[in-house]
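Visitor: Chain residues, written in single-letter form:
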Amino acid sequence: MFAHKKFLNGTLSTILLALLHENGRMYGYEICQLASQATQDSINLTEGAIYPALHKLEKEGLIISSKEVVNGRTRKYYNISQHSMDKVTSQIDMLSQFVGHLQSLLKPTS
Amino acid sequence: MTNTVTIIREIRIRLEAKGISDANQLEELEDHYISSVEHKIKMGQEADEALYSTLKELDSIEFEYSPAVAHKTLAFAALFCLLSLIGLYFYLFVSVPSAASNNNTKSRLEAPQNWPIATPSKIITSEFGPRHHHLLKTKKHHSGIDIKASQGTPVLASNGGLILEAGYHQKYGNYIVLQHNDRFSTRYMHLSSLTIESCDIVVMGEQMGNVGSTGLSSGPHLHFEILDNGQAIDPMIFLQP
Numbered sequence: 000m001f002a003h004k005k006f007l008n009g010t011l012s013t014i015l016l017a018l019l020h021e022n023g024r025m026y027g028y029e030i031c032q033l034a035s036q037a038t039q040d041s042i043n044l045t046e047g048a049i050y051p052a053l054h055k056l057e058k059e060g061l062i063i064s065s066k067e068v069v070n071g072r073t074r075k076y077y078n079i080s081q082h083s084m085d086k087v088t089s090q091i092d093m094l095s096q097f098v099g100h101l102q103s104l105l106k107p108t109s
Numbered sequence: 000m001t002n003t004v005t006i007i008r009e010i011r012i013r014l015e016a017k018g019i020s021d022a023n024q025l026e027e028l029e030d031h032y033i034s035s036v037e038h039k040i041k042m043g044q045e046a047d048e049a050l051y052s053t054l055k056e057l058d059s060i061e062f063e064y065s066p067a068v069a070h071k072t073l074a075f076a077a078l079f080c081l082l083s084l085i086g087l088y089f090y091l092f093v094s095v096p097s098a099a100s101n102n103n104t105k106s107r108l109e110a111p112q113n114w115p116i117a118t119p120s121k122i123i124t125s126e127f128g129p130r131h132h133h134l135l136k137t138k139k140h141h142s143g144i145d146i147k148a149s150q151g152t153p154v155l156a157s158n159g160g161l162i163l164e165a166g167y168h169q170k171y172g173n174y175i176v177l178q179h180n181d182r183f184s185t186r187y188m189h190l191s192s193l194t195i196e197s198c199d200i201v202v203m204g205e206q207m208g209n210v211g212s213t214g215l216s217s218g219p220h221l222h223f224e225i226l227d228n229g230q231a232i233d234p235m236i237f238l239q240p
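Taken in sequence, the protein lines are chains A and B. Counted from 1, the first sequence has number 62 at position 63 by numbering that gives the first Met the number 0; the numbering is strictly sequential. Counted from 1, the second sequence has number 23 at position 24 by numbering that gives the first Met the number 0; the numbering is strictly sequential.
For the record, the hints were derived by calculation from the structure and aren't laboratory data. Certain hints may be false.
As the list claims (entries may be wrong) - BS3-like, lysine-lysine: derived pairs with alpha carbons at most 27 Å apart:
(1) A/Lys75 with B/Lys17
(2) B/Lys41 with A/Lys66
(3) B/Lys55 with A/Lys75
(4) A/Lys86 with A/Lys55
(5) A/Lys66 with B/Lys71
(6) B/Lys39 with A/Lys58
(7) A/Lys55 with A/Lys66
(8) B/Lys55 with A/Lys5
(9) A/Lys66 with B/Lys39
(10) A/Lys106 with A/Lys4
(11) B/Lys55 with A/Lys4
(12) A/Lys58 with A/Lys86
(13) A/Lys75 with B/Lys71
(14) A/Lys55 with B/Lys71
(15) B/Lys139 with B/Lys55
(16) A/Lys55 with B/Lys17
(17) A/Lys4 with B/Lys39
(18) A/Lys4 with B/Lys147
Please model the complete structure; the sequences and the hints are all you need to start from.
Guide: See below:
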């Protein structure tokens with residue numbers, strides 16, 4: 000589980016972009032849930048890590064946020080900025096390619 | 000009994016206890032944990048249990064370095080530097096009450112500080128203040144100090160500055176007026192000779208002439224005055240004993 004933390008460093012932002020690209024508008028908790036479900040609880044994105052990453056992506060202009068009042072509190076949703084769609088998709092593609100290359104380097108040990 | 004209001008309140012309190020003070024951060028994390036509790040309840044957990052386990056998770060999380068923290072640290076650092084600089088300024092340039100006397104003030108950098116003669120003898124034959132004038136036989140106010148020195152002893156600038164006046168006067172003899180800054184000036188009287196001219200610039204300790212007995216003087220000595228905004232003050236406040 001903790002090994003994943005090391006690997007997530009550097010890939011987390013792109014993972015978030017990919018999730019948002021795939022699923023549209025989401026809020027933080029929802030993103031965490033999705034990641035856990037999609038990987039059978041293997042990859043757990045922590046709240047300590049994703050919110051700073053999301054804020055950074057917003058600052059870079061790749062995603063935009065909007066707020067909504069839900070059940071007695073304010074919820075922040077994120078989605079890909081249309082304006083930056085090309086940049087986002089190219090970043091996701093680059094990581095995807097990299098993963099492919101990694102796979103050819105990391106032959107299965109069994 | 001745990002209801003929505005309790006849940007929201009408990010989460011909020013626990014987040015603040017974690018040191019999260021940025022309003023936006025607080026808001027977002029609040030939503031995160033409340034959503035977590037709601038999800039657990041939806042999955043069948045008891046409300047109390049859901050809240051309790053979420054609060055435990057919250058406690059164990061270490062929140063990453065946030066921009067709010069960085070800004071706060073930077074703000075404190077900047078404030079500290081500013082206060083240090085202000086403190087330094089006051090220490091160097093602003094007058095503080097001297098322990099020596101009630102009303103006189105002392106500024107460490109600006110005031111004439113050096114003994115104005117070259118000899119180690121620092122004998123004052125006549126102090127600042129009221130005295131019986133030995134030649135005129137009347138009570139007078141002595142506007143400086145008389146320093147005992149033998150004829151020819153070099154007279155030195157008490158601090159750096161511009162020679163305002165250097166010449167001969169019936170009462171003062173060969174005398175020098177040295178302006179240090181817009182506040183302090185010094186006067187040197189009864190010199191036997193002058194080695195500088197008016198409008199010369201001197202540095203602290205530079206020789207300007209020699210001790211003598213010219214003018215209204217009964218024997219070789221240096222009459223030395225310090226003026227603060229044109230007002231003669233007791234030089235002993237500033238001169239290191």
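Visitor: Take the hints in turn and mark each one as holding or not.
Guide: Structure-based check of all given hints:
1. About 21 Å separates the Cα atoms of A/Lys75 and B/Lys17, which keeps this hinted pair within 27 Å; it holds.
2. Pair hint B/Lys41 plus A/Lys66 holds up; C-alpha atoms about 24 Å apart against a cutoff of 27 Å.
3. The suggested pairing of B/Lys55 with A/Lys75 holds, with an alpha-carbon distance near 24 Å, which does not exceed 27 Å.
4. About 15 Å separates the Cα atoms of A/Lys86 and A/Lys55, which keeps this hinted pair within 27 Å; it holds.
5. For a cut-off of 27 Å, the pair hint linking A/Lys66 to B/Lys71 stands: about 26 Å separates their Cα positions.
6. This hinted pair does not check out: B/Lys39 and A/Lys58 have alpha carbons roughly 32 Å apart, beyond 27 Å.
7. Taking the CA atoms of A/Lys55 and A/Lys66, the gap is about 17 Å. The hint holds against a cut of 27 Å.
8. Restraint check: the Cα-Cα separation between B/Lys55 and A/Lys5 comes to about 24 Å, which is no more than 27 Å; the hinted pair holds.
9. Using a Cα cut-off of 27 Å, the hinted pair A/Lys66 and B/Lys39 holds, with the two alpha carbons roughly 24 Å apart.
10. Note on A/Lys106 and A/Lys4: the hinted pairing holds, with a Cα-Cα distance of about 22 Å set against a maximum of 27 Å.
11. For the hint linking B/Lys55 to A/Lys4, the alpha-carbon distance of about 21 Å falls within 27 Å, and the restraint holds.
12. Note on A/Lys58 and A/Lys86: the hinted pairing holds, with a Cα-Cα distance of about 14 Å set against a maximum of 27 Å.
13. Distance hint between A/Lys75 and B/Lys71 is fulfilled; the C-alpha atoms sit about 24 Å from each other, no more than 27 Å.
14. Our distance criterion of 27 Å between C-alpha atoms is met by A/Lys55 and B/Lys71, whose separation comes to about 18 Å.
15. Distance hint between B/Lys139 and B/Lys55 is unfulfilled; the C-alpha atoms sit about 87 Å from each other, more than 27 Å.
16. For the given pair, A/Lys55 sits about 22 Å from B/Lys17 by alpha-carbon distance, which is consistent with the 27 Å threshold.
17. A C-alpha spacing of about 25 Å is found between A/Lys4 and B/Lys39, which places the hinted pair at or below 27 Å, so the restraint holds.
18. Proposed proximity of A/Lys4 and B/Lys147 is contradicted: the alpha carbons are some 83 Å apart, above 27 Å.
Against the hints set out earlier in the document, violations occur for numbers 6, 15, 18.
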